[in-house]
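Make the complex out of the two chains shown on their own, each in a separate frame, by following the hints.
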Amino acid sequence: MEVDKGKGEAEETRKVAEADRDTVTLKSSDGKLFEVSKEAAARLSTVLAGMIAGGSIDDNGTDLKQIGSEALENVVDYCNKHANSIPSAALISSSISFNTAPFKEPEEWERKFVDRLSHDALFDLVEAANFLGMERLLDVTCHKISEMMKGKSPDQIREVFNIKNDYTKEELEEIRQELAWAFYDD
Amino acid sequence: MARASVVEEAAWIKAANTECQQENDQEDRISKLPDDILIFVLDKLQPCDIALAAVVSKRWRHLTNLRSNIFIDVAHFIEGTSVNTLEELVRTSVSAVEAVKRILPHSNQSQNTLNRLGIRFYLRDESIDIVRSVDKAMTTRKVVKAEFVIITEISEEYNTDDDMMDNGRRLMTFVDACPRAFGGLTHLSLHSVRLGKSDFCNVLDTCKKLECLRLNDCDAGNKSVLKIEHSQLAELSIVSSGMERAELIWLPRLTHLTCRNWLPSQDEYPLSFHHVPQLQRLTLCTAGTTMHKTFVCK
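Chains L and P are the protein sequences, given in the same order.
Take the first sequence: its letter number 28 is residue 28 in full-length UniProt numbering, and every next letter is one higher.
Take the second sequence: its letter number 144 is residue 144 in full-length UniProt numbering, and every next letter is one higher.
Pulled out of the complex, with its shape left as it was, chain P reads as follows (with noise of 0.2 Å):
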């Protein structure tokens, strides 16, 4: 996504000195098309694409505060194919950090309801700035869908245990400072994060609205007990855990469980279902051994 190379200072200047040039025959097609279809096609692009797209004309700057659904994702934001170093990394997160910054209050203006939002970016200190975007969004705007997909920045399976503690405090405290920001999320996707047991409720009190919680690579501590009981989720996925076991407490409203890679000690069973009425579907995956027992249904 390298951009540098076809916006230059000169394009700039050239874009405001050819106004009166754009006399040829060929008809403005795309600019007869109503608002709805135009707002369409801005979802389909990419957020720096949209910017660009602002640029064009007032019209297409009015027609990017009118969406309902925004997505950014970290990702978007590398220069070149992948993040190399971590002063790649930092460039990437801080990119995604100006852009949510940018484009959420600026929506705001128009004041619509935003269908669905979703934010993918790095648990880092800067990041705070993302959520607090998001905070404040809340507060100005209806958000029907609302998701964040929280990633490390070393890959899972070299994340030690300091880290993931790290990470864990890192999420509390951005819980703690922005708690309507979270409080609106429908979908959450944690990735390597440790939390202290309290903590651990503490998120899922304050994510009163969450109907779909991913944790990957996410415990308690080592040989830990998840005790979870939330009244709207309906979809959990737990993969790669060092977890001991999950206990699904009260989950009024769970249709879809999902167990992979997770690895719990063969002494003990690792899941009990104790109020879970709307249970459909259950897919367990991992890599088992014979000594793994049974699990059990209460």
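Just chain L, same shape as in the assembly (with noise of 0.2 Å):
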């Protein structure tokens, strides 16, 4: 974050003004610059509620370095369609039962929103959310990976992850004996 040393005054009364405004604007690491509605922002991420209260906001774009401008577009994106979908229940239920997570599923948008996404897109947006404290937008990306590992044999998420196998013969042998319950061999 850049600091006008000096210019207090001036600084007081952008801050005023930027208080004012009902949208942020956030800036990727390759300077693009996004708009974002101030209360969906405070809403889904706990990074930029902090900054927003705290009045660390640049009026001329908040530097988030460490998101490109696709992922910062999928993160704006993900933004404005949460502002504008009705939660259909409750996002975590009072009292836990089996099964039961303590995130709901999905909503079909959101499902549709994390389709779309090529293999790295999807994962800088996992980057994204995490960086950026966004519980709900994590889950669901998450849920996402969880997705293209399920039924998979451990050589498929390899090809799927591109993942190195890094266990001897011997060692993966020991633990396919480990695992054998996983397995319906018999």
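A portion of the hints provided could be inaccurate.
Residues of chain L clear of chain P, computed beta-carbon distances all greater than 12 Å [as the list claims (entries may be wrong)]: (1) Arg21; (2) Ser29; (3) Asp30; (4) Lys32; (5) Gly50; (6) Ile52; (7) Gly55; (8) Gly61; (9) Thr62; (10) Asp63; (11) Lys81; (12) Glu108; (13) Trp109; (14) Asp120.
Using C-beta positions, here's what the derived DEER-type ranges look like [to be verified]: (15) P:Glu268 x L:Asn84: 52 to 62 Å; (16) L:Gly54 x P:Ile128: 52 to 62 Å; (17) P:Thr140 x L:Lys169: 29 to 39 Å; (18) P:Asp162 x L:His119: 40 to 50 Å; (19) P:Arg253 x L:Glu159: 50 to 60 Å; (20) P:Thr286 x L:Ala83: 39 to 49 Å; (21) L:Ala83 x P:Val144: 32 to 42 Å; (22) L:Arg43 x P:Cys285: 45 to 55 Å; (23) P:Lys208 x L:Ser29: 47 to 57 Å.
Cut-off 30 Å, straight-line C-alpha distance, at most; resulting in silico cross-link-like pairs (DSS-like, lysine-lysine) [as the list claims (entries may be wrong)]: (24) L:Lys150 x P:Lys58; (25) P:Lys208 x P:Lys142; (26) L:Lys104 x P:Lys197.
Please keep in mind that the hints were generated in silico from the structure rather than gathered at the bench.
Virtual Cβ for every residue (Gly too), placed ideally from N, Cα, C.
What follows is the structure, given as structure tokens:
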């Protein structure tokens, strides 16, 4: 964050003007600017909420050096879509019951939102959501990753994500025995 | 969940041999994510998928041991779409038992706190090993929320009085053998169990941390009266019970009470409230008749 030293008064005026706006401007690592509803940003991102509350939002574009323009566009897109969607039920249920995750399943539009992403765009978005403290977006993107793993063999998972197999043949055999219950071999 | 088709012997050997062939241009994005996010991903998968993920690489195996939410549902182990024969049911039940036996002690190595542990299993003899594994886990690690959903192999409407008594006896052997497991439970759901009155009190005494109790088709004998006292219980639900009356004697923390499809005889008041100072929500839903008297509050 750039700080204008010695221009206290101008800074104050700018901050007041900033507080009056109902959008915030975010700047990606490659210098592109995006506008997002202040209300949605504060509600969906703990980091942005903190910055808005702390007055550290820059009118000319708050620098988010860790986030590329493509990912930031998706973040902003998600915030705007989220602001316009009507939540179908309470996000967190009051009592835990068996097999009820603390988060509800992705909504139809959230599913579509992550389904259209390329492999790299999905991971960029996961990282951005994590950086910005966007719990719901993290939940939706991680749900998508889990769907990509579901019902797949270790080999298939490695292939989908390009994961290097760092086991030796002996180690693999050992794990195979340990996890025999998961493989219906008999 | 037929996995036999995807995981074959050949795949394992191939996996070991292809170690050096993974030099394609695409980056391994997923392994760059921090542990907590990948654990979050694993938490969304079923036990078999989690086990398979552990085989992917050393990192993934390590991650599966760091999980703090473990849910194992016997339904995850059904081969095909449903259980049609007793043989299939036994196989499903045994698979679930084996999974619990492997997963719980294994996670132990990390000594981390388990935030939530949930297991749904059949009230069958082999399931004692599930209860034993939990009993052991309770001694070595902190378990914040633990839930048992104990179901019966025969669907509720077909259970005879003898079946229910057998179920009750079996449950008591579980409770007697592993009091620590039951003592650590915060949630318990029972199905088609008939317990002696003192047994019922024993179960409640043993489950001293219980916050939520669901009794489905459970009683202490036909036309029995159940007296309930518990210091922690916040949610109680009684569904399709053969009992005549439930007396809520001392439930200082009870906030939610639900009674569904429970048809006590018309001559008695089915519910009586003694010390239940925190009750916020009472849900009564039953195919009642005009002969049913109103509920009484003392």
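- Item | Nearest-CB test (12 Å) between chain P and Asp120 of chain L | With a cut-off of 12 Å, Asp120 of chain L comes too close to chain P, as the shortest Cβ separation is near 7 Å.
- Checking the smallest CB distance to chain P, is Gly50 of chain L really beyond 12 Å? For Gly50 of chain L, whose nearest Cβ neighbour in chain P is about 19 Å away, the distance exceeds 12 Å, so it holds.
- Task: Using the beta carbons of Ala83 of chain L and Val144 of chain P, state whether their distance is inside 32 to 42 Å or not.
- Result: holds (35 Å)
- Beyond 12 Å from every chain P Cβ: check whether that's true for Gly55 of chain L. holds (29 Å)
- Query: Lying within 52 to 62 Å: is that true of the beta-carbon distance Glu268 of chain P to Asn84 of chain L?
  - Reply: holds (55 Å)
- Message: Would the hint linking Lys150 of chain L and Lys58 of chain P be met if the CA-CA limit is 30 Å?
- Response: Holds, at roughly 19 Å.
- Query: Given a hinted range of 39 to 49 Å, is it respected by the beta-carbon distance of Thr286 of chain P and Ala83 of chain L?
  - Reply: holds (43 Å)
- Item | Lys32 of chain L remote from chain P - nearest C-beta pair above 12 Å | Its Cβ never comes within 12 Å of chain P, the nearest being 22 Å, so this holds.
- Query: Does Ser29 of chain L sit more than 12 Å from chain P, CB to CB?
  - Reply: holds (17 Å)
- Going by Cβ atoms, does Ile52 of chain L stay more than 12 Å from chain P at every point? holds (25 Å)
- Report holds if the minimum CB distance from Gly61 of chain L to chain P is greater than 12 Å, and violated otherwise. Non-interface label on Gly61 of chain L holds, nearest chain P Cβ at 27 Å vs cutoff 12 Å.
- Task: Assess, step by step, whether the Cα of Lys208 of chain P is no farther than 30 Å from the Cα of Lys142 of chain P, and give holds or violated.
- Result: Roughly 16 Å separates the two Cα atoms, so the pair holds.
Checked against the numbered hints above, the structure violates hints 14, 18, 22 and 26; every other hint is satisfied.
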